[in-house]
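A.B. asks: Okay, here's what each chain looks like letter by letter:
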Amino acid sequence: MFAFFSSCRKDIQNVETPESYIGGSFNEVFDAFWDGMNNNYVFWDIDTTNWDNMYKIYKPLFAKLDITKTDDVQKSVQYFRAMTDGLVDSHYNLSFGSPISDSSVSPSYDRKLKAGILRPNYVFYQYDANYYLDSPYVSGIDSVNLLDGSATEAIAGTIGGNILYLGFNQFNLKNSYTGADNGVKTVMQFFLNYLSNPPSGFKGVIIDVRGNGGGDISDLNFLVGNLINNKLTIGHTRYKSGNGRLDYTPWAPAIVTPQTGAKAVTVPVVVLTDIWTTSMAELTAMAVHALPNGNGHTVGETTWGATGPLTNNEILNGGQFTAANFLFAYTSSSMFKYIDGNIYEGKGFPPDDYVPFNLNDFQTYGDKQLEKALTLMP
Amino acid sequence: MKIYNRFPVFFAAITFFCSICFAQTSIAQLSIGVEGGYNKNYLVTNNANRSFTNYMPMNGFNIGIPIQYQIADWFAVEADPVYIEKNYSQQRSAFFVGVYQENKNSYVQLPLMGHFMFGGKKLKGFLNTGVYGGYWLTGNVNGVMPNILDINDSKNSGTTIYDYENSYSYNEKYTFDKRKDNRIEAGWIGGLGLSYEINDRYQVFTEGRLLYSFTDQQKKYMVDQIPRYNTTYGLNAGILIHFNNAKTNY
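Same order as they appear, the protein sequences are chains R and W. First residue of the first sequence? That's 1 in the numbering used here, and the numbers climb one at a time after it. First residue of the second sequence? That's 379 in the numbering used here, and the numbers climb one at a time after it.
Hints are supplied without guarantee of correctness; some may be wrong.
Claimed, not checked - The calculated lysine-lysine pairs, modelled on DSS-like cross-linking and capped at a C-alpha distance of 25 Å, are: (1) W/Lys-597 - R/Lys-56; (2) W/Lys-556 - R/Lys-59; (3) R/Lys-75 - R/Lys-10; (4) R/Lys-10 - W/Lys-482; (5) W/Lys-558 - R/Lys-56; (6) W/Lys-558 - R/Lys-231; (7) R/Lys-368 - R/Lys-337; (8) R/Lys-337 - W/Lys-418; (9) W/Lys-482 - R/Lys-372; (10) W/Lys-533 - R/Lys-263; (11) R/Lys-203 - R/Lys-372; (12) R/Lys-59 - W/Lys-597; (13) R/Lys-10 - R/Lys-64; (14) R/Lys-59 - R/Lys-231; (15) W/Lys-482 - W/Lys-558; (16) R/Lys-10 - W/Lys-551; (17) W/Lys-418 - R/Lys-56; (18) W/Lys-418 - R/Lys-10; (19) R/Lys-231 - W/Lys-533; (20) W/Lys-418 - W/Lys-551; (21) W/Lys-499 - W/Lys-551; (22) W/Lys-556 - W/Lys-482; (23) R/Lys-337 - W/Lys-556; (24) R/Lys-10 - W/Lys-533; (25) W/Lys-597 - R/Lys-10.
What the hints contain is simulated information worked out from the structure, not anything from laboratory work.
Bound-form chain R, shown alone (with noise of 0.2 Å):
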């Protein structure tokens, strides 16, 4: 009877991690990374991509192709892009090992590249700081604290006396704040202690995230958490709950937390962002916009849209993986939903007085974005 009573059910098959896989094939391949998205990309409910209509086309595809053969193996760069091309995960990218280890897949860089928006990155700090801060300003670099192998550059100061400026390259500056002396942390050091002890006139601060490609997700409350006195709900995320495609927890809220002793800033705070200002450093421009006393404002263009956090895909049972050590899949770990119950992933934050960049004007009248900013200080 247990016999014919289970024979009702369709068979429970074995669920392999992507990095199970061993890669004797593409088909091992492509079944690593099928499975691997399936189970553990956060975007299928918002996402248009019709994934099993990818595995009707490129399964076969894959199959014919012979990973002893280099062009093969470069042949499916091309098959890897076609397939993830709409992806909306902005964070997401494709890397590859030998022979292909120069190649790489990254959909919103393809759709940015595509819709003629793309312009090379430039940082603007230094530049401001030539020409629009007061001098002297304070400057650093923090060459120890590496992120990802790169070094932290900043630069603080005022701009006629009273406004307070900060710039910077990406965000891992509590890292460079506690740890041993640096110049990134000198600069951190002129910055919380203006915002401890502002001068009389105090009108306001600017942020310049621009070109910033984000970084420590622990910078939010070390930044954010310096303008305000209370916690401060931005949003929710949410993960993987399951390995369906719409498995999902319930939605927990993002909350910055303030720094010990921070005072709330009651005087315009604008966060300088281009289509270069990434991730963490999109979190910094929606968390001050959101700033509890409506004093926080976003100057400049609509964000790169790669705001769901990452960690390790142990950790919350989903995002990023290796699939049968071919390629690694970087991708988002949960799914962020601003206050505003907006989903701005693969859109971008846009920005609230939009400034677009353009570099003959910049070269000829000078940075119109900051100079934006400046026309919102009382």
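Dock chain W against chain R, hints included.
C.D. replies: Same frame as chain R, but now just chain W:
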């Protein structure tokens, strides 16, 4: 010739049908009652690819109104509309200990069973077997999970994930997703129990039951979908009240 050869079979069939009819008219008895009990539900699926993550069974309860129509002294048909919880949890272990989610799901379902009785006049054993159809009425999820965007600045070392990240506790109504959730459930049901006739009017019983769903909790919405089935073991007790108990002889 052929007609004669078939006659005994035809005659036997008529005889059997008549005996059933006679039995029905002589023993026919409608009984209605109440029952309730506890159950333990197992979610049958596969998540072997998830680190330190397991589905665990959970207890629930059920209440029902058994309706029995006895048509022979050894056989009755039974319908048993019931409200039943089918709960399960997902728990993580080792470094992730303390991360869990309890899914509490309630169903209304209607089993239709054959009720086979054996044994003495007062104390009887019985076997139920049949099928059921149900509807996933409500869901509730509660649990604790790490909150990646609620960083605790003082946490940076320890042996569990909550030594590094703040936890988020939740207890909320489950929001059904029409794209994914299959709210119709059907399956096999079987039970083994004992009943005791207190008098002509009342009977008490206790029964162990197995509900074995053969429908996936999910609609077919993705290739390589891993099914999820409920298997529920229950222990019930109840009382039946016999109606139109007077036996008629023809």
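A.B. asks: Does each hint hold? Answer for all of them.
C.D. replies: Hints, verified against the model:
1. W/Lys-597 - R/Lys-56: 20 Å, holds
2. W/Lys-556 - R/Lys-59: 29 Å, violated
3. R/Lys-75 - R/Lys-10: Distance of about 36 Å is beyond 25 Å: violated.
4. R/Lys-10 - W/Lys-482: 24 Å, holds
5. W/Lys-558 - R/Lys-56: It holds: about 21 Å lies between the C-alpha atoms, which stays within 25 Å.
6. W/Lys-558 - R/Lys-231: 36 Å, violated
7. R/Lys-368 - R/Lys-337: 30 Å, violated
8. R/Lys-337 - W/Lys-418: 37 Å, violated
9. W/Lys-482 - R/Lys-372: Not satisfied, since the Cα-Cα distance of roughly 54 Å exceeds 25 Å.
10. W/Lys-533 - R/Lys-263: 23 Å, holds
11. R/Lys-203 - R/Lys-372: 15 Å, holds
12. R/Lys-59 - W/Lys-597: It holds: about 24 Å lies between the C-alpha atoms, which stays within 25 Å.
13. R/Lys-10 - R/Lys-64: 30 Å, violated
14. R/Lys-59 - R/Lys-231: 49 Å, violated
15. W/Lys-482 - W/Lys-558: Measuring from Cα to Cα gives roughly 17 Å; hence the hint holds.
16. R/Lys-10 - W/Lys-551: Status violated; Cα separation ~29 Å.
17. W/Lys-418 - R/Lys-56: 40 Å, violated
18. W/Lys-418 - R/Lys-10: 22 Å, holds
19. R/Lys-231 - W/Lys-533: Holds: R/Lys-231 and W/Lys-533 sit about 17 Å apart, inside 25 Å.
20. W/Lys-418 - W/Lys-551: Within the cut-off at roughly 21 Å; holds.
21. W/Lys-499 - W/Lys-551: 48 Å, violated
22. W/Lys-556 - W/Lys-482: Holds, at roughly 18 Å.
23. R/Lys-337 - W/Lys-556: 21 Å, holds
24. R/Lys-10 - W/Lys-533: 45 Å, violated
25. W/Lys-597 - R/Lys-10: 13 Å, holds
When held up to the earlier numbered hints, the structure conflicts with 2, 3, 6, 7, 8, 9, 13, 14, 16, 17, 21, 24 and fits the remainder.
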